[in-house]
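*Asks:* One-letter residues, chain by chain:
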Amino acid sequence: SQELEQSPQSLIVQEGKNLTINCTSSKTLYGLYWYKQKYGEGLIFLMMLQKGGEEKSHEKITAKLDEKKQQSSLHITASQPSHAGIYLCGAVHGQNFVFGPGTRLSVLP
Amino acid sequence: DAMVIQNPRYQVTQFGKPVTLSCSQTLNHNVMYWYQQKSSQAPKLLFHYYDKDFNNEADTPDNFQSRRPNTSFCFLDIRSPGLGDAAMYLCATSRGGSGYEQYFGPGTRLTVT
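Chains P and S, in that order, give the protein sequences.
The first sequence stops at residue 109 when you use the numbering used here, and every number in between is there.
The second sequence stops at residue 222 when you use the numbering used here, and every number in between is there.
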């Protein structure tokens with residue numbers, strides 16, 4: 001099984017709608033990273049959460065870390081077509097950095 | 110702007126013909142990583158260098174090698190590419206080891222014919 005699970009696997013929303021992507025870890029989280037990847041391109045760092053209960057925002061994207069639940073959520077408010085892409089969470093597990101499988105987001109104009 | 114650069118962006122090679130992918134960074138970061146990402150899958154770490162120390166992941170095939178001649182450059186060598194090695198190869202850097210943000214290059218898409 002995957003060390004990091006993401007849900008949903010894919011998401012299609014109408015422009016202007018809010019959405020949430022979840023990332024759940026099978027191991028204790030000591031830090032959780034969110035990245036965005038456009039098709040055929042590298043990963044773009046969004047934000048890093050290190051403490052339980054931490055919440056960070058960048059423009060219309062907010063991420064929270066629930067250490068007890070070993071979970072993080074990424075929330076996009078008033079989505080735009082520019083938000084479309086694949087969102088990946090990443091975390092340090094032992095000495096390895098692992099990624100979740102990604103959530104593919106499409107935003108319809 | 111400081112960045113992670115990968116060349117080429119697209120590489121086509123023949124089955125069994127050695128190929129080298131290049132990564133350079135202007136961030137002066139200590140750590141450089143190589144990931145393999147196959148279609149619709151998460152990136153998978155192949156190996157990384159912490160300064161000159163090479164760290165190979167246990168399940169990285171012997172067919173994959175890496176060189177880091179200096180802080181700025183890191184190369185991925187595939188000695189005998191197979192059809193299963195076709196993938197996006199991502200280079201990343203970080204200031205330190207685990208716990209530090211990784212900065213990614215745009216990737217090199219490798220096609221094996």
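The hints are simulated quantities; they were obtained by calculation from the structure and are not laboratory data.
A hint or two may mislead.
Below, simulated EDC-like cross-link-like pairs (lysine to aspartate or glutamate); rule was C-alpha separation at most 16 Å, straight line [unchecked claim]: (1) P:K56 x P:D66; (2) S:K153 x P:E54; (3) P:K68 x P:E54; (4) S:K153 x S:D194; (5) P:K56 x P:E41; (6) P:K36 x S:D194; (7) P:K51 x S:E210; (8) P:K27 x P:E55; (9) S:K147 x P:E41; (10) P:K51 x P:E41; (11) S:K153 x P:D66; (12) P:K68 x P:E55.
*Asks:* Which of the numbered hints above does this structure break?
*Replies:* Hint check: 2, 5, 6, 8, 10 and 11 fail, others pass.
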